[in-house]
Amino acid sequence: MKKFKKSLLAIAASSVMSLSAYAGEVEVLHWWTSGGEAKSVAVLKELLEKQGHTWKDFAVAGGGGESAMTVLKSRAVSGNPPSAAQIKGLDIQEWGELGFLTDLDKVAEENKWSSLMPEIVSKVMKYDDQYVAVPVNVHRVNWLWVNPEIFKKAGAKVPTTWAEFKDAAEKIKKAGFVPLAHGGQAWQDATVFESVALGIGGPEFFRKAFVEHDMKTLQSDKMVEVFEVFKSLKQYMDKDAPGRDWNIATSMVIKGEAAMQLMGDWAKGEFAAAGKKPGKDYLCVAAPGTQNSFTFNIDSFAMFNVKDPENKKAQAALAKTILEPEFQEVFNLNKGSIPVRLGMNMEKFDSCAKDSMNSFVSTSKSGGLVPSMAHGMSTTSYIQGAIFDVVSNYFNSDKITAKEAAQKLAKAVKASI
Amino acid sequence: MQVVVAKTKKKPLDFIADQIPKLVLSPTILMTIVFIYGYVIWTGVLSFTKSSFLPNYKFAGTLQYEKLFENERWGVAVDNLFIFGGLFILICLALGIFMAILLDQRIRAEGAIRTVFLYPMALSFIVTGTAWKWILNPGLGLERLVKDMGFENFTFDWLINSDMAIYTLVIAAVWQSSGFVMALFLAGLRSIDSSIIKAAQIDGASLPKIYWRIILPSLRPVFFSAFIILCHIAIKSFDLVKALTNGGPGYSTDLPATFMYAFSFTRGQIGLGSASAMMMLAGVLAILIPYLYSELRGTRNA
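Protein sequence lines correspond, in order, to chains A and B.
So the first sequence is numbered by UniProt numbering: it starts at 1 and just counts up by one.
So the second sequence is numbered by UniProt numbering: it starts at 1 and just counts up by one.
Pulled out of the complex, with its shape left as it was, chain B reads as follows (with noise of 0.2 Å):
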């Protein structure tokens, strides 16, 4: 009775707290529209023009993504994405697994440990690849360090190697992201029910056994979500290319990221390199539409 009374009386001040939400996210969602959306769509549009210098709208056709299929340096560019991809990903999940699984053993110091292993995350990729441009380097980093110890026949040159340097890049990246991963995964151990584990245990389960049929199951949605993270840092790494080998030696360690960057914006051809982001942009839906679809359907279910 008393609140139907308070909602008649203050039927203005309602009237706002109605709207206060939507006037809040208006802001946020115009933008999103406008420089989300509308640059995916204008980029749309751009691949579609003969655009070179700066953008015009004279219609080309397919004409960009034909030539962005001839060009060779693209092809180099996707297969180095699914060889760098692949790999980051794999590695990562592997070793962040395996290493959160150690740190969950009730160790000492673990605090510490975690923070060790999850400190590479912090720094940028650009000091990520600076660092080990030069650890990598034959003439300075690792290579010399192993010389001047007295192995005059070692070498470790795949930074400089156009066929091995790619690897560098998994090598810096897995550095980077596989303690992030760790964390991820710790999380997701510690939320498991321990009374699962115990009631294994008293049936005589083996610790190996109970990781595996049991802990790695339940912890399917983690692995799920560091995958996906894990695949758009790869589709969207730049930056650790741009500061570890620059896309080189040759074109040998470009990526669809920086083709795109060299083409739009240091050769004037602004048309192709919007085909190319629209293939990027395709990469990323073809592995987020189907998360999304098996979420959305999970949730309902549950």
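Next comes chain A alone, as it looks inside the complex (with noise of 0.2 Å):
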């Protein structure tokens, strides 16, 4: 059957082909499958549609990209990989390791992709100092949503150092709404974590603990203070939290029964969703202590070595089409996120959108900006996946303490390097 569909599709694609002689095929593979990021794709199926090229469109559902990521492994290892998927992180290291990936470098000169994105973001983009990958989009992960209606009602104050969200905190809880909304997903967990260690650490220390791996870093007094605030946040979460998905943690901001949520931007698109309007239904504030910092988690586009080359000039323009103003705008507009483009015009995007470039462009400056360990910007998935472990697990359970947990955490990463 699946051999009767490919040929099937063959023989769609040749007929294709043969109408016009000039345009080659991209295959995409993404999980862009919910509503807003179904239109953005297309948006970039079009872009490429009017350059005359043809677009197979290869989505896997699943967010997080667990089973799409499972298919192209397949995919690669029979040798038939689509010329682009959505991989992001250091796992674009590792593909590229493997000797899967193009080299986009003619195409990034002439389009100068040097001077329209920050070093680090180009360098993630990198493989042996060739690029291999394109960025689609920036988000911000620690943001803090808030309620204002909740806040006024509980007489509190927007927090901006982590001592003041325990005041507010316990103004709220007395005041009867859930201070902290949160899902108790291992990623969600290292999502509040990282922020924590962002907020008390500051950028050095998170850069030193989560990216390269400082055994004194990880298990310093320091990191034993994060732990120790970390699980203080406990006590301000619902009962039901365990389990429960990122969205349904934002509705309840969103529906003023809890106060606060710390989550990236994409939890925006659920506001935006529910008809809420920026400033004044809800509020986007860095995370306690993080004003100056901005993690990063980048959505990209690894492009494959594919051998017709029709097909390979299919892939260079779509490579190029992602970096250009135009679908920066209209995709990022949908998604919730900024341009990775540097020096756009942002007159269409949001105030949270807007607070969130000038914080990307000045903290690229001023050495603020990290990339997320909870969205495996930071580390391979075997590391990361050490660092979840152990967070999750300390959060979860009374019986393991905040010295305990930070040596727990230096020896799993040691462990998985």
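Please keep in mind that the hints were generated in silico from the structure rather than gathered at the bench.
Treat the hints with care, since some could be wrong.
Selected chain A positions facing chain B (in silico; Cβ < 8 Å) [stated by the list, open to error]:
{"hint": "1", "residue": "Ala38"}
{"hint": "2", "residue": "Ser251"}
{"hint": "3", "residue": "Gly343"}
In silico negatives: residues of chain B with every beta carbon more than 12 Å from chain A [claimed, not checked]:
{"hint": "4", "residue": "Ser26"}
{"hint": "5", "residue": "Thr43"}
{"hint": "6", "residue": "Gly111"}
{"hint": "7", "residue": "Ala112"}
{"hint": "8", "residue": "Ile160"}
{"hint": "9", "residue": "Ser191"}
{"hint": "10", "residue": "Leu244"}
{"hint": "11", "residue": "Tyr251"}
{"hint": "12", "residue": "Arg297"}
Virtual Cβ for every residue (Gly too), placed ideally from N, Cα, C.
Combine the two chains into a complex, taking the hints into account.
This is the structure:
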């Protein structure tokens, strides 16, 4: 059956090819299947088809892309990878090391990519100093989403440090609301943990711990303090948090059941879908203590080796189109993220996105721009997994002290390097 | 005489008739060899390599096994398997026998009741897990219900308590499988020769004594096959965990199967995942080999 389908596709593709002799085909693997995301992909498809190329959609549903990656691996092993796949962070390095990715330097040079994005971003897109992937958008992870209505009712102030957070949370708890909405899944625990670490330790500490994996930093007193503050947040969450999906936690803030949520700016999509306006119905502020830092999570497309010269042209066109202002604007308006391209006109974006863009630009100069550990930007999947295990287990168990957790963290990271 | 004639005449057809069973079976045998034993061997090979993201064949000795046994999460998964498996098998067997004995008392509407008990088996573990996730959720299910009835201090938060969450798996799994065990035992009870029981009754034995001394001992084979099936369900348990707790809170309800999946397919550590899969296979064999041995020896004696 599959073979039959494949041959049908091949016939269809060849008939299309014969119609437009110069057009190549790009097959794009992605997992953007939800409403806003699908719309964003359609934009890319349209822009590419305008240039005379054929777009073959290869969407694999499932948030986080676990199933998409499984499909990609089997396609790659059988020698038939798509032209482009949604791969991000250090996974790009892994694929590059295995020799699957193509060199995009020509496109990059022609379009001056290096001047378009901060160096720390282009570093993620390069393997062996050659561009192999194209960034699509930037998410800021260290956001605190606030329901101002509840803050007013409780007489609390929006916190800017973790000490202030505690005061505010106590007041909100007394007023009968859930102070912090959370979903107890490993990656969400890690997202909160990462914001706490950045708020308490600052970007230098963050980089030493999660990028360089410095053993001393991982076991330092500062890390113990991070663990302590992280655990103290548990008392401000409701009991049903374990296993909850992040968007349900966001809807608690939207509905006025919970006052805050620590989550990346994809949460904005939920607010927007509920018809809420930023600055009025909800506030987006930097997570306590991280005003001058920016934890980034970048979606990107890695380009695979393709043989057919026409398809190669189409692939280059895809890479070029992704970084062009037109696509960057429409796509990111739909996705809730900000353009990865510097110097974009941000007029159509909302205040949260503008804030995000400003701090993206300023922190890329000041050194406050750090890769997100929870979203696979700073470490390989093994080390990330090891950190997730320790963080999540500590958060959910009452038997481990903060000191033990820091030691376990160092041990787990060491074992998986 | 006639037979011999027929045989010599239909020789070509005979040849085909001889070959047909082999022909019919060969695809199955081939597929079994490739897709079951072939992949078992492949997994075994991978567990001795440095495979990470994709399979590769750089020999790594027993490194993956060493890493596996150092991994705290694997320890938790194995402990959980013993807790979950032990309780699940024990409770299922006890409950199954008990229900079968009650049903065996020639009651009215037995067929309907049997269907009610057996029905959970028709559901997949994913459905069971999801349903119990709602029932056990403190803010949604049982706890809320009892609280709403006026018992303000009632708490039942096992699902979100990392020490107790493993027992919620036992509850859901027992709910699903005990009816099946009951059906097995009921069939066993029905197959017992009634004349033995009648003879015991004539001798003046009480009903509990008949069950304890005669019926239960003669159910030994049924007991054994139920045990083996339950063992397999326990070791293979994956979908139930995925749906009910997804290994959480933290990784407190991880089982070897979920561990294997997480490390092979989402963490990009195929070597380590293969090592854990081989350990699971070893666990299954440890149960299966003594069973096969006793079975085969048993038939020879009989």
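Now the hints, each set against the structure:
For alanine 38(A), the shortest C-beta to C-beta distance to chain B is roughly 24 Å, which exceeds 8 Å, and the interface hint is violated. Against a cut-off of 8 Å between C-beta atoms, the interface hint on serine 251(A) is violated, since the closest Cβ of chain B lies about 14 Å away. The interface hint given for glycine 343(A) is broken, as the beta carbon of that residue sits about 36 Å from the closest beta carbon of chain B, more than 8 Å. Even its closest Cβ contact with chain A, about 22 Å, leaves serine 26(B) beyond 12 Å, as expected for a residue assigned away from the interface.
Against the 12 Å criterion, threonine 43(B) stays outside the reach of chain A, whose nearest CB is about 15 Å from its own CB. Once the 12 Å rule is applied to beta carbons, glycine 111(B) is consistent with being away from chain A; the minimum gap is 39 Å. Every CB of chain A lies more than 12 Å from the CB of alanine 112(B), the least distance being 36 Å, so the non-interface label holds. Chain A draws isoleucine 160(B) into its interface by the beta-carbon criterion, the shortest separation being 4 Å against a cut-off of 12 Å.
Under the 12 Å C-beta cut-off, the non-interface status given to serine 191(B) relative to chain A holds; the minimum distance is some 44 Å. Interface exclusion of leucine 244(B) from chain A breaks down, the closest Cβ pair being 9 Å apart, not more than 12 Å. Not every CB of chain A lies more than 12 Å from the CB of tyrosine 251(B), the least distance being 6 Å, so the non-interface label is violated. Non-interface status of arginine 297(B) relative to chain A is upheld: no Cβ of that chain comes within 12 Å, the nearest being about 44 Å off.
When the structure is compared with the earlier hints, violations turn up for hints 1, 2, 3, 8, 10 and 11 and for no others.
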